[in-house]
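Using the sequences provided together with the hints, build the complete structure.
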Amino acid sequence: MASTRIREATERDCGDILRMIRELAEYEKLSHQVKISEEVSLCRPPPPRPNLTPISTALRADGFGENPSFHCLVAEVIPAPGELQGPRVVGLGLYYFIYSTWKGRNIYLEDIYVMPQYRGQGIGTKIIKKVAEVALCKGCSQFRLAVLDWNKKAMDLYKSLGAQDLTELEGWHSFRFEEAAMRELAGW
Amino acid sequence: MASTRIREATERDCGDILRMIRELAEYEKLSHQVKISEEALRADGFGENPSFHCLVAEVIPAPGELQGPRVVGLGLYYFIYSTWKGRNIYLEDIYVMPQYRGQGIGTKIIKKVAEVALCKGCSQFRLAVLDWNKKAMDLYKSLGAQDLTELEGWHSFRFEEAAMRELAGW
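Chains D and S, in that order, are what the protein sequence lines are.
Those letters in the first sequence? Residues 1 to 188, by my numbering.
Those letters in the second sequence? Residues 1 to 170, by my numbering.
Each hint can be trusted.
Stretches of chain S that chain D covers, calculated by requiring three or more beta carbons in the stretch to come under 8 Å of a beta carbon on chain D:
#	stretch
1	26 to 38
2	72 to 82
3	105 to 118
4	132 to 141
5	152 to 162
Here are some, though not all, of the chain D residues that point toward chain S, as calculated from beta-carbon distances under 10 Å:
#	residue
6	Ile36
7	Asp111
8	Thr125
9	Ala132
10	Val134
11	Ala146
12	Met155
13	Gly162
14	Glu178
15	Leu185
The hints are simulated quantities; they were obtained by calculation from the structure and are not laboratory data.
The beta carbon of each residue, even a glycine, is placed where N, CA and C say it ideally should be.
Structure (structure tokens):
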């Protein structure tokens, strides 16, 4: 019988990771916002000032280079003996370290995703458990994530695993400045 | 006349930074959650691999004023990652002491963060605001931010240590 394991992603998983990022954005009805690419690339000309880090959206360089901007776990289905199909990556948990001025270093789980045909088997729960373990091992006393309010299944799962909805409990709202607004503020 | 500048914090600002973190938590009615120490802040922010970066708003006295420069606000941030856009900044804390509000210092801090973010190749920066803090929400919207909780329905969830230990089977 096939089994599932959660392991650290390697550079060879980038294709699968990008595919699942897009599938997750599609599920969240926000796929128009995905601009990232798999390879190193400059998406736009550098802004008109010298010595600036070019804006690049390169998953491979960002996650598997010298100073990774994120870390990734993948859920892999290991085939049963005799099965013709090889191991396949069916889910991910992409996270990075953040900082709470109240508690210190924390983890932020940016993306958690399981492919539709593999849901209902506890893989999402396995990913969450692995993230909790990684967080504790790294000395983090909390980990955070964001969920869309219509995604009741996910909200119920995380609550059942012990998470609190801080937007509901304490009234937190997530705000974002986009590039156009930033350029205006910076006077560029 | 006194003026204000926004500069990068140094290790010597740690005392002021922690003071303002506590004042901000008090203002947010969540001060019971502040567990961090000055030593931890110093190591985490000013050691070899800083976990955060900090800007401070400093009032420079006018010529003849007896009082020296004083730190009256902060913008504490770190780099995050959007799987849609790449590297971003998260503004974890922004704070101006009550007696220095209404002078545009908060706006100066936001502008500086925007500049830092662009210089570092970030195409967005994010922050969180409490729903009753109308003044802050109005300020950020007036400066071009969007409320993603309102617009797209995002909720912030958190696992605390006890829940994590249970999940990890510790």
